[in-house]
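Enquirer: Based on the sequences and whatever the hints tell you, model everything.
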Amino acid sequence: MSTLVTVDWLVLAPALAPVLGVVLVLVGDAVSPARRGGRWALPVAAVVLVAGAVLALRGSLLDPATPLRTLCLPAPDGACLWTAGPRTSTLQAGVLLAAAAALAVHHDARPRLRDTTVTATLLLAATTGGVAVAAARDLGTWLVALELATVPAVALVVLRGTRAAAHGGLSLLVTSLASFALLVLGAGLWLTATGDAAFSPESVAAAWADPERRAVLVLAVTALVSGVGFKLSLVPFHAWTPQAYATTDLGTTLFLAAASKLSAAAALLVVVEALVGSAGSVVVVLLGLPAAASLLLGTVVALRQDDAVRLLAWSTIAQAGWVVVPLTALSSDGLRASAGYVLTYAAATAVAFGVLARTGARSLAATRGLLRRDPLAGGALALALLVLAGLPPGVVGLVVKVLAVAAPVAEGVWPVAAAAVVAVVLGIAVYLRWVAVLVARPGEGDEPAHEGSRARSTTVVVVLGTAVLLVTSALPHALLGGLG
Amino acid sequence: MNPWLLVVVPAVAAGLGVAVRRDDRIAQVLAVLGAGATLLLALVAWIGQSGTVIGFGPALPVGELQVPLGVTSDPTRLAVATVVALVATAVQLYSTWYLRTDDRYGQFAATVSLFSAAMLLVVVSSDLVLTIVGWELMGWCSYLLIGHWSRRPSARRAALKAFLVTRVADIGFVLGLVGLAAGARSTDLGTVLEAWDRPTQCIDTAVAGGSVLGDALTACAAPDARLRAVLLALVVVGVLGKSAQVPFQDWLADAMEGPTPASALIHAATMVAAGTVVLTGLHPLLEDSPSARWFLGVAVSVTMLLAALLAFAQSDLKRMLAWSTVSQVSVMLAAVAVAGPGVDPDAGLLHLWSHAIFKSLLFLAIGWAAVAAGGTAATALRGSGAATPVLRAAFLVGFLSLAGVPLVVGGVSKEHVLSSAWDGAVAADGPGVLVLVALVLTSAVTAAYSTRGYLVLTAHVRRRPEAGRVPPTVPGLLWVLVVLTVFGGLVVLTGSFAVHRVSLLWLLLTVLVVGVGVAVALRGGFDRDPAEVLARRLVPHADRGLGVDALYRRLVARPVLRLARVVAFVDTEVVDAYVRGTAVAARAAGWAGQRAHRRERPSAGVGLVLGAVVVLGLVGVLAWS
Chain A
1 MSTLVTVDWL VLAPALAPVL GVVLVLVGDA VSPARRGGRW ALPVAAVVLV AGAVLALRGS
61 LLDPATPLRT LCLPAPDGAC LWTAGPRTST LQAGVLLAAA AALAVHHDAR PRLRDTTVTA
121 TLLLAATTGG VAVAAARDLG TWLVALELAT VPAVALVVLR GTRAAAHGGL SLLVTSLASF
181 ALLVLGAGLW LTATGDAAFS PESVAAAWAD PERRAVLVLA VTALVSGVGF KLSLVPFHAW
241 TPQAYATTDL GTTLFLAAAS KLSAAAALLV VVEALVGSAG SVVVVLLGLP AAASLLLGTV
301 VALRQDDAVR LLAWSTIAQA GWVVVPLTAL SSDGLRASAG YVLTYAAATA VAFGVLARTG
361 ARSLAATRGL LRRDPLAGGA LALALLVLAG LPPGVVGLVV KVLAVAAPVA EGVWPVAAAA
421 VVAVVLGIAV YLRWVAVLVA RPGEGDEPAH EGSRARSTTV VVVLGTAVLL VTSALPHALL
481 GGLG
Chain B
1001 MNPWLLVVVP AVAAGLGVAV RRDDRIAQVL AVLGAGATLL LALVAWIGQS GTVIGFGPAL
1061 PVGELQVPLG VTSDPTRLAV ATVVALVATA VQLYSTWYLR TDDRYGQFAA TVSLFSAAML
1121 LVVVSSDLVL TIVGWELMGW CSYLLIGHWS RRPSARRAAL KAFLVTRVAD IGFVLGLVGL
1181 AAGARSTDLG TVLEAWDRPT QCIDTAVAGG SVLGDALTAC AAPDARLRAV LLALVVVGVL
1241 GKSAQVPFQD WLADAMEGPT PASALIHAAT MVAAGTVVLT GLHPLLEDSP SARWFLGVAV
1301 SVTMLLAALL AFAQSDLKRM LAWSTVSQVS VMLAAVAVAG PGVDPDAGLL HLWSHAIFKS
1361 LLFLAIGWAA VAAGGTAATA LRGSGAATPV LRAAFLVGFL SLAGVPLVVG GVSKEHVLSS
1421 AWDGAVAADG PGVLVLVALV LTSAVTAAYS TRGYLVLTAH VRRRPEAGRV PPTVPGLLWV
1481 LVVLTVFGGL VVLTGSFAVH RVSLLWLLLT VLVVGVGVAV ALRGGFDRDP AEVLARRLVP
1541 HADRGLGVDA LYRRLVARPV LRLARVVAFV DTEVVDAYVR GTAVAARAAG WAGQRAHRRE
1601 RPSAGVGLVL GAVVVLGLVG VLAWS
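The listed protein sequences derive, respectively, from chains A and B. Numbering follows our numbering, with no gaps: position 93 of the first sequence is 93. Numbering follows our numbering, with no gaps: position 524 of the second sequence is 1524.
Derived by calculation from the structure, the hints in this document are not laboratory data. One or more hints might be untrue.
Stated by the list, open to error - Derived CB-CB ranges, DEER-like: (1) A:436 x B:1571: 19 to 29 Å; (2) A:332 x B:1571: 41 to 51 Å; (3) B:1100 x A:372: 53 to 63 Å; (4) B:1136 x A:332: 54 to 64 Å; (5) A:406 x B:1618: 29 to 39 Å; (6) B:1185 x A:406: 37 to 47 Å; (7) B:1571 x A:392: 25 to 35 Å; (8) A:166 x B:1591: 28 to 38 Å; (9) A:436 x B:1573: 25 to 35 Å; (10) A:280 x B:1571: 40 to 50 Å.
To be verified - Listed next, the stretches of chain A that the computed footprint assigns to chain B, with coverage defined by at least 3 CB atoms under 8 Å from CB atoms of chain B: (11) 220-228; (12) 299-308.
Even glycine gets a Cβ: it sits at the ideal position worked out from N, Cα and C.
Expert: Have a look at this one:
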């Protein structure tokens, strides 16, 4: 057992901030239970998360060659258990902000949440896992952090207390356990194949060169991709997604759709980064098959949905495919494109769920004419959908889609690129179908406006999310610059 | 003087004319002033200018193609421009009386101005693009003028027919000129002629410089003679369409639905004669291409005889003049067709010059007579030309000129065409003999129908015809044209047209041919219509133009419509089916996917997960091994 030589608390701050939040919330609740109906817990947690995001963004501006590192082992190994380059830092900030957005939506929930401290604690715990997994570079931390990011989310789904929610939570829990089993199996195989407890390209290259160890490594990658694929909602590990989304409340759905997906993508990036440069076409097939299947199935089924949340759930599945598409290139450009895509997707989907929370609409028909009835909500939703479709004025959606397809095209992975092109065409139909409803004339029976005045914090989420989309649409380099 | 002025002045008059079309008085003054100013400019330039003046245009570099958009004036072009402006002025003056009660006079006058601007552009153009612009503009203006009385269905149909038939032929015209310009990498007429004419001159220079003929041939890259012949034939197709030659001849007789001044303009100086101007410009290429000249020669030989026969048998005298135009334009084009290497085709332009004068005289005179008599049919017009001395003189001089009697303007030019054809027949590398035979026969028939026209119009009738009340401008105009018709032949002395002297022998021969025609026409005596006597059974067929209209519909319109229906069917039912099929397939896939996910239970999810892992693992291991 070796001891760590460095512990830099400032570098660890993005992960420590939510931990601090948990401590604050629990202590506060113990000292003064039910103070002001417990409504103080959510703002405190949100403030802590935003502070953590600001600290994480500090790392986004660094040179990719000199990432923030800490928890390093003594020489001769010298591996650092925490390595956060600009890409990782930006993903961490995304996770923290998405969690803060989920808290804001929870804050406006009607009827009011009774157990705010529990909700805040669970959310902060899951966020801690999500932030940590992005920077983890060894199997143990990675595995624990990934589970920490998942299990509290299951509890959040169940917390709603309805029968349907329990059903959804059970589905989530069972598949979560299956995925955990796969991840543990994969981690063990990885250790067997590489003889290294860290994700390092050098040991992967050595293992790949040896035919016998290569077979084990391929199985390890299969198990790891399947395990992460469950959290990322890749086909065929997607079945829980529409059910969980539809049965829980919007705050939790937003967390699952944005923060959880960011953590899962960050975890997958850690694995793929180690494979870049040495792995061959087998890994491309292992990544490309689920990606293409997600793209096609998610888009095609989303085309038939009339329930807004279910449409977004299936759209999440399709977008998860988009996140994996650039990874099939197994190049550093692909990693960057993937991170950019998942961040853009998270911002757009957070805005969409925020608008649903603000208006209370659950079906497409209920949003008819929203652009006229409530220009702020309608405009934000239309922009978010156009970003997801990749159409101007949602330029950032177009940019990340182009980058996502450019990486496999550059490496000659044509089947995946072809599936992506088909998905673009079908995706335009999916999202424009909803945009057309938004811009239509309001029907006779529609109310003029919804409880916009009371959902203040949700409105802040919608406005800030839309601002992020607008700024990155006008200056796509702002986003790409934060990825190294 | 800058040649652009000749185009700009009438074009500006047209633009302003549209602006002031509501007020007839201002429109009249503007139209007449515009035409008069153009005439004055052309006349001054013709008299005062010697040599060639180039008007530079806004040169456009279009990729590899040079488009200088220049214009040129030389004595020949100025002579033609003068007669065009003269006819335009006469038509504008005449219209102020003829269309005085028309509620759309302003539009008519503006269109006439634009029409003459387009024709003048073709005359002075030394750039193929400008030629096409003027050519297409004339097609459009002719549509507007023929369909001027658009409340009448027959006028609308005639306008549409003229437009469609000439458009179809214009496909060839544009293709031919584009091909010529592409080969020369420039649209400048001089460059085009040089590029396609290169070998002879180039070889001559090389041989003169002392090299062996074989070396000279290889050194001078010859333009593809076959390609050149095809391109020229395409241009000729366009010319045949615009000039109403076989097989496009049928639109011109129907175009008589337009107001008489418009007919005078179209027939005398502009549209139908434009082809002669263009082909004369391209003659340096045409003279080296016997196949293209054969094509043109055969078409015009058939046309001139057919049109002359049809003219003889028309029961409507205005339509008789229309068919005579077709025949006379063939005579102009014949002069171009027979002119081989080294022979100038200016006899054709000379005939254009004289035809413009006497045909405008005849049209304007018959327009007046028809207004007085209330119709243009031969029975209605019978004897109406005897109403006043000016009409009698106009018809006498006009028909004498049409018949080609020596010394009047039409006779002078026709003798030059005949002598050119004789030169061509002697040279024997083109359609000279064929054209010469057709010309001689046509001259006889022309003399016959001219005699018929004069006999019918000035026949003695029991009730003395009324000439109606006209302002003094109309008889004045006719007197001017009568004088020009008698003395216009003197233009050969100015040297503007490159024609050689005509011998006395030709004069006698012409008199003989014309005499035969007149004698045939007079077989029934002075009091009977020669068409009744000689061609009673031909008249109904001739009035229908031998049923060519039905032939157009059967051979062109119906197949095109059928093809369009097939294409539309393929588009909507076959091509679109695939497009609709993708939408149906996507929706069906979505339905199937949703159905598969309806039973969302934990066990189903776990089963899916494990199954997928097994599959992925198998894929991985199989692919690896």
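Enquirer: Look at the Cβ atoms of residue 406 (chain A) and residue 1618 (chain B) and judge whether their distance stays inside 29 to 39 Å.
Expert: With Cβ atoms ~31 Å apart, the hint holds.
Enquirer: Indicate whether the distance between the beta carbons of residue 1185 (chain B) and residue 406 (chain A) respects the range 37 to 47 Å.
Expert: Given range 37 to 47 Å: holds, Cβ gap about 40 Å.
Enquirer: Holds or violated: the 54 to 64 Å window for the beta-carbon distance between residue 1136 (chain B) and residue 332 (chain A)?
Expert: holds, 60 Å
Enquirer: Can the region 299-308 of chain A be counted as covered by chain B under the rule of three residues or more with Cβ-Cβ separation shorter than 8 Å?
Expert: holds (count 6)
Enquirer: Can you take a look at whether the region 220-228 of chain A is actually covered by chain B? Rule is 3+ residues, C-beta closer than 8 Å.
Expert: holds (count 5)
Enquirer: Could you check the hint for me, namely that residue 436 (chain A) and residue 1571 (chain B) are 19 to 29 Å apart, CB to CB?
Expert: Holds, at about 26 Å.
Enquirer: Given a hint of 53 to 63 Å, does the C-beta separation of residue 1100 (chain B) and residue 372 (chain A) actually sit inside it?
Expert: Taking Cβ atoms as reference, residue 1100 (chain B) and residue 372 (chain A) lie about 60 Å apart, which means the hint holds.
Enquirer: Does the hinted range 25 to 35 Å hold for residue 436 (chain A) and residue 1573 (chain B) at CB?
Expert: holds, 28 Å
Enquirer: Lying within 28 to 38 Å: is that true of the beta-carbon distance residue 166 (chain A) to residue 1591 (chain B)?
Expert: Check passed, 29 Å falls within 28 to 38 Å.
Enquirer: Is the gap between the beta carbons of residue 280 (chain A) and residue 1571 (chain B) within 40 to 50 Å?
Expert: Holds, since residue 280 (chain A) and residue 1571 (chain B) (Cβ atoms, about 48 Å apart) stay within the stated range.
Enquirer: May I ask you to test the hint 25 to 35 Å on the CB atoms belonging to residue 1571 (chain B) and residue 392 (chain A)?
Expert: Given a distance of about 30 Å, which is inside 25 to 35 Å, the answer is holds.
Enquirer: Given a hinted range of 41 to 51 Å, is it respected by the beta-carbon distance of residue 332 (chain A) and residue 1571 (chain B)?
Expert: holds, 48 Å
The structure agrees with every numbered hint stated previously.
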